[in-house]
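Q: Residue strings, one per chain:
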Amino acid sequence: MAKTEKTLAPLVHIVKRDPGSVTWKYRLLVRAIAVLAALLLSGILITLLTKKNPLAVYGSMVSGVFGSPRRIWNMLQGVAMLLCVSLAVTPAFKMKFWNIGAEGQVLISGLACVATMMFLGSALPTGLLILVMVAVSILAGTIWAVLPAIFKAYWNTNETLFTLMMNYVATQLVDYFLKVFVKDGSGVLTPMPQFGLPVIGNQAYLLNVLIVAVVTVLAYIYLKYSKQGYEISVVGESENTARYIGINVKKVIIRTMLLSGAICGLAGLLLVGGTNHTISTTTAGGRGFTAIMVSWLGKFDPLYMVLTSFLLVFLDQGAQQVSTDFRISSSISDIVIGIILLFIIGCEFFLQYRVVTRKNRKENV
Amino acid sequence: MKKLFALLLVVLMVVSMAACGKKGNETKGMSDSPLPSKEITKDFEVKADFKIGFICLHDEKSTYDKNFLDAADEAIKALGLTETQYIIKTNVPEGKECYEAAADLVDQGCDIVFANSFGHEDFMLQAAKEFPEVQFCHATGYKAHLENVANYHNAFASIYEGRYLAGIAAGMKLNEMIEAGKITAEEAKMGYVGAFTYAEVISGYSSFYLGAKSVCPSVTMDVQFTGSWYDAVEEQNAAEALIARKCVLISQHADSMGAPGACEAAKVPNVSYNGATYESCPETFIVSSRINWAPYFAYIIKCANTGATIDTDWCGGINEGSVVLTGINQDVAAEGTLDALKAAVEGLKNGTVKVFDTKNFTVAGAAATGDAVIDGIFEESKTQSAPYFDLKIDGITCLNEKF
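Residue numbers (my numbering), protein chains in the order written: chain A, 1 to 365; chain B, 1 to 403.
These are calculated hints, taken from the structure and not from any lab test.
Keep in mind that a hint or two might mislead.
[Said to hold, decoys possible] DEER-style ranges, computed between Cβ atoms:
#  : chain 1 : residue 1 : chain 2 : residue 2 : range
1  : B       : E133      : A       : V199      : 14 to 24 Å
2  : B       : V149      : A       : L173      : 43 to 53 Å
3  : B       : D49       : A       : S63       : 12 to 22 Å
4  : A       : A213      : B       : P132      : 28 to 38 Å
5  : A       : I345      : B       : S37       : 48 to 58 Å
6  : A       : L45       : B       : L399      : 43 to 53 Å
7  : A       : F289      : B       : S37       : 36 to 46 Å
8  : B       : D49       : A       : T50       : 20 to 30 Å
9  : B       : L399      : A       : L173      : 24 to 34 Å
10 : A       : I328      : B       : P132      : 30 to 40 Å
11 : A       : I44       : B       : P282      : 19 to 29 Å
Source: prediction; values computed, not measured.
Backbone N, C-alpha and C fix where the C-beta goes; we use that ideal spot for every residue, glycine too.
The following block holds chain B by itself, in its conformation from the complex (with noise of 0.2 Å):
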């Protein structure tokens, strides 16, 4: 009798399973993406001597850094790079190594040392004093224009903006779930996993909430800290514990698969980051925005090349190609969030849409104001590259604050 039992759920199984793998039209599965990676493309020549340095944290085994890893592959092949032409550093942590490791470049030829991790910026800054020809990138810093160090340089992208974009696809699945009646316009309460309390988490969370509003006016949002980059159970737990106290939506800024996978178990709809997480969470994944640094490889390549000058600030965004939206998962995003996005992001990109305009959010009841806000605009990434849009707007509940 269990064997039969047994039997009867494979064929079950392989029934529904071969169901799903139908669904491949047009309104079904992932759609194509409303903001897709841009081509490089190559219009100077690369100098036959010409040599770049590559210093990553981790190896492809971490997603942050598998980011890069891939965004390097594709300048070097776009721009045809020869294999002398370049070298990648994997596994360099921040201390010591990283001076050793950018120096240790210089020696073998290096025009360009470039360090993905935000620890690596003193090393990379000591190693740019002590060799003044050499050009010394440095992505998610913020120390290239307090230093005045000229041949030191960050680099970071406006991903707020493609924050605000995917939060657009949540608020849209927030009306879906009101206008069928799931939940009413007051229960629209998302949950966010954030890693730490800083400006790059915190512009991160808020340009998502904002979007959300832009589309779902009554939406709020709770946020749980987890204190860490990666940690698969710190943010599993905050995305159920998000969950339990009824949040119907979550997306996260973290690196690993908790959160996503919290949600697929729960049957929750996730907002991810950092690239699609649909080949495992086909239930809820919506979308997911990420930075393509491609563009900035290709940037600082073609300075060192033609003579230009690299911006001690550089901020990608759409334009550029830096801000990336991975396709729709139409099985779970509301009707018609492709075109509502495609919509936004010529918005974006005309100007008509800005995300921190202080119309759309208020600071403890009243308009912000400060250095940063110009013509009732808050100017994020203007001075610096990295965030530093860390003001707590209504509507946002921080549950922890230890991190």
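Pulled out of the complex, with its shape left as it was, chain A reads as follows (with noise of 0.2 Å):
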């Protein structure tokens, strides 16, 4: 007995698929079913925890996104500025420099565009008006992100740690200069659409947009197809390789945590100039951070972020939508939020991994 026991397989074991191996197909299988599953499991724990009708709170998440015409105005500008902060990090992540600093880098330049709004926003005529803001802005980003690149690339300081609590000295400027700027003790700065970028269309949030679409193919290009795009992907592959290939590590850091923080402030000098007119410490709203959780989702492709920044849009504007329409408390959403996510991060296991049985292992040998 105890021998024909040793021969035996495990009664389950994982085993790595072959990339090529996975058709679109299976895919996109894999990934409906996960949706599936994460809604019915979100169905359950809505039904049992505020006793509604799971498809009633379903339709009320995809009318707060669909519902009227600013309802989808609101969730392309919001997909279109999460977009761009995730634009601004994925360079840096592809590279395997970890930026958790994007937050601080949005609200720096946001802060230099409404300075800039404020102070000279009478004295010059708006053609130059919007060119020094487009320059303080991006100027703004692209500082709070490279020092933390300079002292990574000559000193090898810990990345992490410095964007993140570039994050909080960017956060508390904010906070000091709105003391500073606001008088009536209300802490909001009254916003100042006259000095802001000019509106197209009579859509407020078409310029957005257009300029974050165009920014999109740029960096799909530029990562896919530039040389300095796959200096980046040898570098976040191993640093050692990039060297023997003599690639300047150094030179490539910075270069693009340059290019990391500029996204950064356009995205600063959209959300202030473009459409909020004025700043608080909450304009990046988490941007920074969701924007990692797209970029790794998308796998670091442009296009695909596209798709998983209008996933995070939609689950947030329709879970306010949900706690609007039933009156029940923000964290229900935030719940269904979780699951849904876990569920689709988690089906990439099964992309990934196949599950052998003892049966099927035997059928195999």
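Could you fit the two chains together into a complex? Lean on the hints.
A: Following this line, the structure appears as structure tokens:
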């Protein structure tokens, strides 16, 4: 008896898939099952916790995102801004430089932009003012990003901690300047739409959406087809290999973070100069961190990231509508978002590995 | 031995709790309110297609927002609005999101959009200018009478009257302590935990102090600011610091349980705000004032349905039912407090009592002057609904001013 047991394979075991062997049909199937399973589980939870009809809850989510032209525009703006910040962090992540400071980079450029609007708004002609706003915002974001990069490249400091700390500095600076700028105690700086970027097509968010669309295509080409994009991938795979084939790693790190910071600066410019015309400590709205998820879920591919940004904005905006329609605590919506994300991330496991049972194995052998 | 001791303790606690439970007679525990909420009467028809939207900064977890949400529910129920006639958006930040929320409420057919936080004002104004056919009402703001936008309105309540009444209860407690020989008349010093140094808070603590002074002339007060509307730790620290400075009674204008909790721990009497803290502070809670927003909601809904114009600045008072008091904790309050407060309520109603009567206070040793002083009375909340009394009156010491 003991002998035969020894020869038996384990009941189940896990084997890595050959990446080439996974068809797109299979990918689609696994992801569809994951989403359905997540919706089913969340539905059961919603019914148990709130006694509401889960179908009505999902209906309310959809209506919260697509229910009116305004909501669709809000969604487009949300996707554009989240995508913009995600595009900023992607080159750094691809290089395995853990830039978690996008939040601060966006905020500081927004602060620079709002200060320009306040103090130069009435002094400069519109065209020149916009040029200064663009330059100042992008410069501020770049400085905030390149500082940790220089320290990393020359003294190998920990970029995760450095960029994270820079977030707090930026937030506190915004807080401080709001106290200086605002005198009535509300902490809210009155919006200055008269000094904003031009509105095209009578649609407040159209300019942002178009600019981000262009940046997305450029980022795709840069990462996939340019020499610099290739260098980023090599540095990310192995710094030693990069050095061996003659890539200047220091230069790549600094150059990539300059780019990362510049795109964050653009996000700050669009948020403050383009739509909000004011700033608060929550102007970046956690996008600097959500962008990390967008980037990873989208496998650092700018085109996939359009989809993952949409997914996250859809869940967030839909959840707000659910808590309005059903007057349930926003925590319930957060739980549902958590479940859906967990399933979507978890299903990647089944795309990269397969589960082999004892019976299957025998047949294989 | 230890077990026996523990058992003894448990028995002792049960017995003492049972003893406490017996205190439910007329002069113990919570009394009726000397200034209760008014029932809303419906004297108009709500149109079938009428709709109102509410925007709140946080949700029920914040005492500030809960006060608004409870009032909204009260008004909705009293006026018989159906499920489809109101929309409540919670957790709306003080930014672009507020404008988007307001615009979305307009898209959904709201005739009135209401927002509850000071910082919402700019974004409500923006929406009001864009949608002139919809009425925008904003609580605690001050820009309506400056901006001249016909469909934009501010609202507040004369809560300084509520605080004045609460101050009377505090003053009577001090008198009781003086008579019992616990403190001398000169030692009658109160402490006050304030959030910020703006008029809203200054008007609040000054009226509280004047209420106390009206019955206890020797009273003084120390004020400690926290720089936040909600910071339990800071508020607790501030209350403890005030107690250490020999303040024998504490009140506060901030939204957490920090100060009342510190008072209960130190057994120092507390006059609360925004609702009764009797449940968690039975040995120190005296009375609490709060704003009831339900009368304002009923008023704007009536205006929208009858075609009347909403006041640019609406300041609800005692007569409107906007200022209310909780019951009095008779275990802590001085004897006769209930009757004294009832008499003072009548005085405020018929105008014989004025909170900011310049005969009753001085500023740097002299009588108060200024545009707001008319016939010897500082007329609070007349030119705008939000408080603007910000005089530094004698008898009150601000310990810090940085906020």
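Q: Please list, smallest to largest, the hint numbers that this structure does not respect.
A: Hints 2, 11 contradicted; others consistent.
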